[in-house]
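Enquirer: Whenever a hint applies, use it, and build me the whole structure from the sequences.
Heads up: the sequence shown begins at 23 in this note's numbering, then just goes up one per residue.
Hints may be right or wrong, so weigh each one.
Said to hold, decoys possible - In silico lysine-lysine, DSS-like type, Cα no more than 25 Å apart, as pairs:
#1 173 x 104
#2 60 x 122
#3 141 x 173
#4 60 x 109
#5 104 x 141
#6 60 x 165
#7 165 x 129
#8 104 x 165
#9 114 x 60
#10 60 x 104
#11 129 x 104
To be verified - Computed Cβ-Cβ distance ranges for the label pairs, DEER-style:
#12 88 x 182: 18 to 26 Å
#13 144 x 111: 32 to 40 Å
#14 185 x 106: 35 to 43 Å
#15 191 x 115: 28 to 36 Å
#16 57 x 89: 17 to 25 Å
None of these hints come from the bench; they were simulated from the model.
Using N, Cα and C, we set each Cβ at its ideal position, and we do this for glycine too.
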Amino acid sequence: MNVSRIAVAGGIAASAVLLLAGPASAHVSVQPQGEAAKGGYATINFKVPNERDDASTVKLEVNFPTDHPLSSVSPQAVPGWKIDVTKSTLAKPLEVHGQKVTEAVSKVTWTADAAAAIKPGYFQQFPLSVGQLPEDADQLVFKALQTYSSKEVVRWIEEAPAGGEEPDNPAPVLPLTDAAADAHGSAGATDTDDDADDAAAGDKGADASDHTTTASASSDSASDGTARVLGVVGIVIGIAGVAFGVLARRRTA
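Expert: What follows is the structure in structure tokens.
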């Protein structure tokens, strides 16, 4: 009897591991490569998993915050995806490096070729170089729309209240860190700005399908790999427990 209980417990543990590993981070999110420091420039990735079993993700729209507009936004090419950058006139011009900026990016849209759509069980990352990040905010909230081949549109636009639970369709949130105090950090931010401006000038109007750069982040891959490993371990434990229980019953019969 005790052995049978152990077997059942092993099976329950395996199921629990699978449940915990599956839904984690199963929504559109944004992460910086390294840090996103206030007042500086950063490369960020929008991670888009496919949550449907019978449709592929064919389009992603990311709306930029209007309360903290970004003067420089340069997308990295994603093979098989067309990129459209929409700019809007600012109600209040920004001053960047001593120059007035009267418009800023309000939306970036990625649209997939048929072969490049995100299929069930897969995810894709969409990198952007952005700046100048605000100095008077701790985070930036981006509202995203994910379109499937079935015409379904999932709106990741809900903001979590302070200290409250995460909503069903949370908007991607980019946390901002304190700016580096040393001069080297400031110089690094300026260099990133120049690189971003050069990239924007070179890639303006280009179709992303003409490039071969892939979008990946080792930290996300490591997280997904860990979840899969945990799931496999749980299955092995459950099977072993059930088998042990069956053998024990036969011996006592």
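Enquirer: Would you mind marking each hint as holding or not holding in the structure?
Expert: A quick look at each hint next to the structure:
1. 173 x 104: Distance ~18 Å between residue 173 and residue 104 Cα, so the pair holds.
2. 60 x 122: holds (20 Å)
3. 141 x 173: Answer holds: residue 141 to residue 173 is near 14 Å, not above 25 Å.
4. 60 x 109: holds (22 Å)
5. 104 x 141: holds (17 Å)
6. 60 x 165: At roughly 20 Å apart (the allowed maximum being 25 Å), residue 165 and residue 60 satisfy the hint.
7. 165 x 129: Answer holds: residue 165 to residue 129 is near 10 Å, not above 25 Å.
8. 104 x 165: Between residue 104 and residue 165 the Cα gap is close to 20 Å, so the pair holds against 25 Å.
9. 114 x 60: holds (20 Å)
10. 60 x 104: violated (30 Å)
11. 129 x 104: holds (14 Å)
12. 88 x 182: 18 to 26 Å: holds (19 Å)
13. 144 x 111: 32 to 40 Å: Cβ of residue 144 to Cβ of residue 111: about 38 Å, so the range 32 to 40 Å holds.
14. 185 x 106: 35 to 43 Å: holds (37 Å)
15. 191 x 115: 28 to 36 Å: For residue 115 against residue 191, whose Cβ atoms are near 33 Å apart, the range 28 to 36 Å holds.
16. 57 x 89: 17 to 25 Å: holds (22 Å)
Comparing the model with each earlier hint shows a violation of hint 10 alone; every other hint is respected.
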